[in-house]
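Q: This is what each chain is made of:
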Amino acid sequence: MPVLKSDTVPIRSDADVVAVRQIVRVWSIEAKFGLVDQTKIITAASELARNTLEYGGGGHMFIELVEEGVRKGVRLTFEDQGPGIADVEQALRDGYTSGKGMGLGLGGSKRLTNEFAIHSVVGVGTRVTVTKWK
Amino acid sequence: MNTTGSTGLRPILERHESTLLANWITAQKAAPTYRPDLIKENELRDQCRDFLRALMQAVQSGSQNVDGSEWQPVRDLLASISRSRGKQGFSTTATATFIFSLKEPLFQLLQQEYANDPKVLAEQTWATSVLLDRLGLYVTEVYQQTRDSLIQRQQEEMLELSTPVVKLWEGVLALPLIGTLDSARSQTIMENLLQKIVESGSETAIIDITGVPTMDTLTAQHLLKTVAAARLMGADCIISGIRPQIAQTIVHLGVDLSGVTTKASMADAFILALKRTGFAITRPTAGR
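Line by line, the protein sequences are chains S and E. Numbers 1 to 134, taken from my numbering, label the letters of the first sequence in order. Numbers 1 to 288, taken from my numbering, label the letters of the second sequence in order.
Derived by calculation from the structure, the hints in this document are not laboratory data. A few of these clues could be false.
Claimed, not checked - With the C-beta cut set under 8 Å, the calculated list includes, among others, these residues of chain E facing chain S:
#1 72
#2 248
#3 249
#4 253
#5 257
Unchecked claim - Pairs of lysine-lysine, DSSO-like flavour, derived with a Cα cap of 27 Å:
#6 E:196 to E:87
#7 S:110 to E:167
#8 S:100 to E:225
#9 E:119 to E:87
#10 S:100 to S:134
#11 E:119 to E:167
Ideal Cβ placement from N, Cα and C applies to all residues, glycine included.
Extracted from the complex, chain E is given alone in its bound form (with noise of 0.2 Å):
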């Protein structure tokens, strides 16, 4: 008999699969890690037998290497299993100790198996680990993945909502800016304000930056190189929402906004590019 690897784990999976199935599956209930609210018993049941049989099948093809074409089976599932866990909300530990928690159960039918011959079976309980192990590690990885992806598209969904550039009068655009201006972010709002000035012809065009907490040399840099660019194309920008605080700042710093015409308040610059693109607000009196 070959005893090398984990071939062991053959006759194991294929006389005791439904103990294995019952005990592991007992084990994932009993772990504190087990969450009833998030996934239902049938469900598990079912992912753990998927599982168990794709095992069995990339073990009887007697491949050792985990990465190789005959386990592919048990990755594709591993990895489906993962990524639904992590969508479900499962904490990392937890979506591991899928895999993990079948060591206890597999270790204890290898001991019978194996029990007249403490060489093989030592043999095979570390064959056995290092596998359960690798696979444990696999199915991280994707996990961790699939939040990364998350993460980054939630970022790329946050770079489209926080630029709007909208149209307040004819000839008058507003670009609330909120948060931070890192490069990325003020690449795609310069882009997006040229872009509305060429469509809507507008003449005037006003930066709100009532909501970017901190202004430093690099926003500030941002900011002029955008003003510059709007210029160019023939519009004039204001910026306001200059807060008392962030005021002081620009000043200690240094940098010169003197080129750009601001404003305290978008009311006022609103007022102000009404009155460059020949409009008045008036109140109508009763009686006239």
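Next up, chain S with everything else stripped away, as it sits in the complex (with noise of 0.2 Å):
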């Protein structure tokens, strides 16, 4: 699918995850979602760049906004060079947390886009892309 354009967002610290949703927010306007959606996709951005700030120890999110056919999307794709998910099926149940949080920030990121992927490897990092269609 074609895609109009991309940038790179940083997560380093809490404020990267702040910026995340604050770009996240201008290019879900851009595709012409409606206020559900872009709170959807903010919600799973902010979700999303916790994770990689919290257990990936920081990385990037790479942001794309594609276009299939007549509808547009916004495609995000976080990355950390962390220590890997060993078991994804346990990290996407509801509830199950390895740190403090509530555990439902994946799953819940699943059930708030439209496509939804995670590669894991222990010992060399996380990727994990969403897409949202309008």
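Take the two lone chains and join them into the complex the hints point to.
A: See below:
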């Protein structure tokens, strides 16, 4: 699918999580998302960015404005070089957390977006890609 | 004659002070970063003269170490100039130009002084350049620190400002939340609310999240913790201002808010709080 534009945002601190939310908001408005869809993708981005920071030890978000036929979408890819996730299925289960959170971020992000892919290798890092279509 | 380091500056500073001062000010006024609207020429002249005097004394001391105690007056002066420029609204470039614009007039004088000895001239030019670069970097560093402390102060002020707990009625408190609920802020919020609950002996606290743009699991967790803590102190919390998009997002995230009373608007929450405390609002009708 054609990519209209893309950008990379570093995720190194709490302030960067705010920056992630802001850029996702601007781009989802550009993709003409309604208020509910905007809120959903922003919330998913917030969850995934915080995971990248907390569990991946920081990384970056790659954001793309994509187009497929007449519909537009926003695709976000979060990458870190952290410890990786040994059991992805377990990590996706609601209520499971290896930290202090609620254990809903990863599964919640999956439900908030249209496409969700996670690729994690222990000791190498984690990549989560989500796409939200208008 | 000692030609090592920047000691070659000494005769120039001693003999050509007024020429140097004049040329330096001309150079600064010619620079594109010159801002006559922000600084008066008199003030600039005073700053330049003070700096040249301090520089002369430091050079006369013979010390090459810019970080040493002999250079303390120079550093203090530069720091105060840099700070005042930062507050006046000068850019980093404009602030650093104060030092870097001294290079040209100084090099010209070095050239005149050591015209017969290219080797010494090259050495002196290099040493002077290094010296001014270091002073310039120092100015930039102080400028950056000034800006950083300004930002930090603003952040702290915002933290204070953005978490007011207000009394709506006897026994009813309201906490209108605005902006991002990161951990530092949610900590302050929780402390403020619990403190006010103790002080006022309130039974109900309304937490309004109309001004919170995104409700993610971390925010939800902070809220739930605040509610739980308030409950331990004998106060019930009502969360109000849940907009439709936030409600849908919370459902998709799977956050369970069923243990908390929630309302769409602050008005609804207030009515409920009054009911709980035994008050009722009636409209007095004519004729009664």
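Q: If a hint holds in the structure, say so; if it does not, say that too.
A: Evaluation of the provided hints:
1. The beta carbon of residue 72 of chain E is not positioned within 8 Å of any beta carbon in chain S (closest approach about 35 Å), and the interface hint is therefore violated.
2. Interface restraint check: residue 248 of chain E against chain S, minimum CB-CB distance 6 Å, threshold 8 Å, status holds.
3. For the restraint placing residue 249 of chain E at the interface with chain S, the shortest Cβ-Cβ distance is roughly 5 Å, inside the 8 Å limit, so the hint holds.
4. Below 8 Å, beta-carbon pairs count as interface contacts, and residue 253 of chain E has one with chain S at about 4 Å; its hint therefore holds.
5. Below 8 Å, beta-carbon pairs count as interface contacts, and residue 257 of chain E has none with chain S, the closest being about 12 Å; its hint is therefore violated.
6. For the suggested pair residue 196 of chain E and residue 87 of chain E, the alpha carbons sit about 37 Å apart, so the restraint of at most 27 Å is broken.
7. This hinted pair does not check out: residue 110 of chain S and residue 167 of chain E have alpha carbons roughly 41 Å apart, beyond 27 Å.
8. Annotation: proposed proximity of residue 100 of chain S to residue 225 of chain E holds, straight-line Cα distance about 13 Å (limit 27 Å).
9. Restraint check: the Cα-Cα separation between residue 119 of chain E and residue 87 of chain E comes to about 43 Å, which exceeds 27 Å; the hinted pair is violated.
10. Distance restraint check for residue 100 of chain S and residue 134 of chain S: the Cα-Cα separation of roughly 33 Å exceeds the 27 Å cut-off, and the hinted pair is therefore not satisfied.
11. Of the supplied pair hints, the one linking residue 119 of chain E and residue 167 of chain E is violated, its CA atoms being roughly 79 Å apart against a limit of 27 Å.
Of the numbered hints listed earlier, those contradicted by the structure are 1, 5, 6, 7, 9, 10 and 11.
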